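**Q** Chain A is already provided as a structure; the job is to place chains B and C on it using the hints.
Below are the chains, spelled out letter by letter.
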Amino acid sequence: MFIELGHFALTLALFLALIQAVVPLVGASRRLAGWMAVGRSAALAHFALVALSFAALTHAYVTSDFSVANVVQNSHSAKPMLYKISGVWGNHEGSMLLWVLILALCGAAVAVFGTNLPRELRARVLAVQGMVATGFVLFILVTSNPFARVFPAPLDGQGLNPVLQDPGLAFHPPFLYLGYVGSSVAFAFAVAALIEGRVDAAWARWVRPWALVSWCALTVGIALGSWWAYYTLGWGGWWFWDPVENASLLPWLSGTALIHSAIVVERRDTLKSWTILLAILSFSLALMGTFLVRSGVLSSVHAFAVDPARGSFILGLLVLAIGGALTLYAVRAPALQGGGLFAPISREGALVLNNLLLATATVTVLLGTLYPLFMDAIGGAKISVGPPFFNRTFTPLMVPVLVAMAVGPLLGWKRADLSAALQRLWVGFAFAAAIVLIGLYIGGFTPVLAILGLGLAAWTAAGVVGEWAERVRLFRLPLRDSWRRARGLPRASYGMSVAHFGVAVLVAGVAASAFEQERIETLRPGEHIAIAGYDLALREVRRVPGPNFVADEAVIEVRRNGVVIDEMLPQRRLFTVQRQSTALTAIRTSLVADLYLALGEGDDQTGWTVRAYHKPIVSWIWLGAVIMALGGVVSLTDRRWRVGVAARKPAGVPAAAE
Amino acid sequence: MRTLLLLLLLMSPALMSPALAVQPDERLADPALETRARTLSRELRCVVCQNESIDESNAPLARDLRILLRQRLTAGDSDAQASAFLVARYGDFVLLRPPLRADTWLLWFGPFAVLLLGAGITVFALRRRAPASAAPLSAEEQARLDRLMREDAP
Amino acid sequence: MRRLIFLLPLLLFAALAGYFAFALISGRDPRELPSALLDKPAPDFDLPSLLPLGLTEGQRLSLAGLKGQVVVLNVFASWCAPCRVEHPLLLRLARQDKVHLVGIAYKDRPEDSRRFLAELGNPYRATGIDRDGRTGIDFGLYGVPETYVIDRQGHIRKRFVGPLSATLIDRELLPLLRQLERP
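Protein chains in written order, with our numbering: chain A, 500 to 1157; chain B, 297 to 450; chain C, 432 to 614.
For reference, chain A alone in the conformation it holds in the complex (with noise of 0.2 angstroms):
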């Protein structure tokens, strides 16, 4: 009964989105405040009525409900209670409606939190906001209903797959989503601008929280699944640019050039029409990716929706949306007049470089991704993109935008003096040269691209640091004025500062998986290994039961300079429902390096194949990403945004302060 309910408030809620999208929309044009204020009703209860839905479709996961066709599809009595939740977005029908559960709370969100934007911009946000949700609630009930029935109903599920009865799987999704919906909000803003025919400062300055918490959202989200990868798969890698890869990673890079064009139009009211393309695209590459993903089209074929029905469904919203959108700007966008001036060397110099690249790596990475679906299709050859392609195009790209993130920050608005900001930067070079002189030293000239990697960070972090130490003219000023000029710094200043800070952290994490060891050996119980300065030496490999697997584990004693330090578990799990069998490594993590262990097929006669790694620094790539997202968070934290728009109040009362 709960199921039908959660069916019917989904039905519900597709007409309160008709609503939302329509009645605020004309209100907006006709000016009339009761028609607005409807977008915001609307939207609320759109998500609760969302909300319910998805509770109802929890609920015959948590209660095991096999009446529910999705339930048995993808569940089983057996599975631990946080797997039979996560169950709930682990296929395509359920993951649709954990979207469409964004969705609705980004537009309940807006109309919650944006009482500081004027009554018309909010109007059209919601409207557009509820265009989209029609769209894909649409979408569910017309292709891809979780809550069928199935009669008779099965004793037990056919289980979840294995491998998705992880943590770091289960909140995957939710946060990749939230990047990918939350992107959205950008986009209702960008059309709302369109429709309005204006963009200005407080524009900016209203879209730019939204994009930075979709942002920081889609940072974890892609963060969590890399390391998701390289804890699960066995070898310890964590980026294959593999099209699903490659399809949230898109998003990301327009989201982050989003973020920095949007400081520009707020200060110095110019790259106008630049910054809405930014945000319109950004949910438009999260909708490809939808598409991509879900449409069975890429040499990505997946286990959920590959079905042409669904793929035409979601091509047609693509069409409307984007099309919509590009349609709007291409006859609105040339009238938005640009503002300020500016020369070349300067803060907004700086963030246009910024922008110019991280384009144009978002379409190496467009290109890369799409090549090959683009030449099957027009009958040619067969060719695959694979990480020989992109680490020869994206990483070069990548180059100048760090060499550039130290510098930027350093300049001032309009035009600066670019030598007095690399001077600024001298212990910057100094520090980095340092880096790459002892990486050359211990590494020899071998990996010399990863030691300037590493190189390159170097400067990254010292950039970030001399630049804060500007700001603050230490060692300039008596330490107590320094102080007093840091805790007077603004938020968003501390955000940039940590989140800049991160990508150096992440860069050098990255760079140094160059200088990882590998030993691969078939060991029978009491045979070492030796790796890294540590003796690895297997005692025994025991059989072990679990919830709802049987496991070998293989205890692995290490040591180093002859002292036992630690014992290693890795295992080899078999899911009795399934019939798989995945690895469980075991990973020594510290700041320093990882211990990575890995079991393979063997027995005790024959011996087990025993992998094991030394990643230096490897943990630094999630730890810089964790970073990068909490100076977002740092940022939105900027009482700035709390700011709202001059009401009408008599003259002599101060209008939005700075």
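None of these hints come from the bench; they were simulated from the model.
These figures come from a predicted structure and were not determined experimentally.
Don't be surprised by glycine CBs; every beta carbon is placed ideally from N, CA and C.
Errors might be hidden in some of the hints.
Said to hold, decoys possible - Derived lysine to aspartate or glutamate pairs resembling EDC-like cross-links, with alpha carbons at most 20 angstroms apart: (1) K529(C) with E463(C); (2) K538(C) with D460(C); (3) K589(C) with E603(C); (4) K881(A) with D569(C); (5) K498(C) with D601(C); (6) K538(C) with D321(B); (7) K881(A) with D470(C); (8) K589(C) with D388(B); (9) K498(C) with D582(C); (10) K471(C) with E612(C); (11) K538(C) with D360(B); (12) K529(C) with E603(C); (13) K881(A) with D388(B); (14) K589(C) with D601(C); (15) K538(C) with D477(C); (16) K913(A) with D1051(A); (17) K529(C) with D460(C); (18) K881(A) with E322(B); (19) K913(A) with E969(A); (20) K538(C) with E322(B); (21) K471(C) with D582(C); (22) K881(A) with D460(C); (23) K471(C) with D388(B); (24) K498(C) with D477(C); (25) K881(A) with E463(C); (26) K881(A) with D399(B); (27) K589(C) with D470(C); (28) K498(C) with D475(C).
Stated by the list, open to error - Part of the chain B face toward chain A, derived, beta carbon under 10 angstroms: (29) D321; (30) R338; (31) L392; (32) L403.
**A** Leaving out everything else, chains B and C in the frame of chain A:
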């Protein structure tokens, strides 16, 4: 989206019994040849897998190809010859680095072209914004301007 | 001119959407790999025979031995489930349509392959066994079952990936064979 990747990875018949990729018994005795083999393997696609190289993949076919590759290298093939051996059988699909041919120019030169195009549009758009240099004022106009400026002063 | 730049994103998107639509409609399976040896000479193979078939011991299945005839080469294995599904169709091909069918057992133990054929019937005029899979790789094989059509000159004219179906046989295999059989 990652969900999809791993669902696929696990569903693919290739990974039904994940041994781990390169096995100890596949490795060549000669470390230089083995390094060449590993490097080459990383650039060759496992054709039955979902975007993995034969170096990473657990699929039986990947193992066969790894062994075959090592045999070719031991027999004296150069890197290019060993790759060509596999390309002759599986087509360009097996190369993770797309070959540079007329039909892949757009792919390989695209990024650079986009960068140039983007830079060009940027310069064009920004240059347009620069105000035309005003014609110098005549003496009379300058006097008028001075008067107006003085009038405006509080 | 300026307006044209603003139109560019829309035009690019339209082209992209067009490609996506085309890819969806054409229904191409992105995982299917076309044979790299199409219209090229079949690889020279020489395999031990699986079943003596009344011939002298040590008879082999080789490409040379097949020259001069139009041959349908089917690669199978006893451990392959779809092979069981297509087997009755192969029997029909051999008996009813009188197709010259040969089989290669891929990465199989001889006793298992023989048992498979004993159980399901033997449609092949000759069978070879490829124990290490090397011949399969030479053909560009990436799964079983696969079926190749080889013409009189020993060139591969078509590859079917996956189990054959009645539709595939009637619509593509038999017409191709008729075309190749013509002198």
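**Q** Look at each hint and say if it fits the structure.
**A** Taking the hints in turn, this is what the structure says about them:
no.: 1; hint: K529(C) with E463(C); result: 29 angstroms, violated
no.: 2; hint: K538(C) with D460(C); result: 26 angstroms, violated
no.: 3; hint: K589(C) with E603(C); result: 9 angstroms, holds
no.: 4; hint: K881(A) with D569(C); result: 19 angstroms, holds
no.: 5; hint: K498(C) with D601(C); result: 25 angstroms, violated
no.: 6; hint: K538(C) with D321(B); result: 19 angstroms, holds
no.: 7; hint: K881(A) with D470(C); result: 17 angstroms, holds
no.: 8; hint: K589(C) with D388(B); result: 18 angstroms, holds
no.: 9; hint: K498(C) with D582(C); result: 8 angstroms, holds
no.: 10; hint: K471(C) with E612(C); result: 18 angstroms, holds
no.: 11; hint: K538(C) with D360(B); result: 11 angstroms, holds
no.: 12; hint: K529(C) with E603(C); result: 16 angstroms, holds
no.: 13; hint: K881(A) with D388(B); result: 7 angstroms, holds
no.: 14; hint: K589(C) with D601(C); result: 14 angstroms, holds
no.: 15; hint: K538(C) with D477(C); result: 15 angstroms, holds
no.: 16; hint: K913(A) with D1051(A); result: 65 angstroms, violated
no.: 17; hint: K529(C) with D460(C); result: 31 angstroms, violated
no.: 18; hint: K881(A) with E322(B); result: 29 angstroms, violated
no.: 19; hint: K913(A) with E969(A); result: 19 angstroms, holds
no.: 20; hint: K538(C) with E322(B); result: 18 angstroms, holds
no.: 21; hint: K471(C) with D582(C); result: 10 angstroms, holds
no.: 22; hint: K881(A) with D460(C); result: 12 angstroms, holds
no.: 23; hint: K471(C) with D388(B); result: 16 angstroms, holds
no.: 24; hint: K498(C) with D477(C); result: 13 angstroms, holds
no.: 25; hint: K881(A) with E463(C); result: 10 angstroms, holds
no.: 26; hint: K881(A) with D399(B); result: 11 angstroms, holds
no.: 27; hint: K589(C) with D470(C); result: 8 angstroms, holds
no.: 28; hint: K498(C) with D475(C); result: 11 angstroms, holds
no.: 29; hint: D321; result: 7 angstroms, holds
no.: 30; hint: R338; result: 8 angstroms, holds
no.: 31; hint: L392; result: 3 angstroms, holds
no.: 32; hint: L403; result: 5 angstroms, holds
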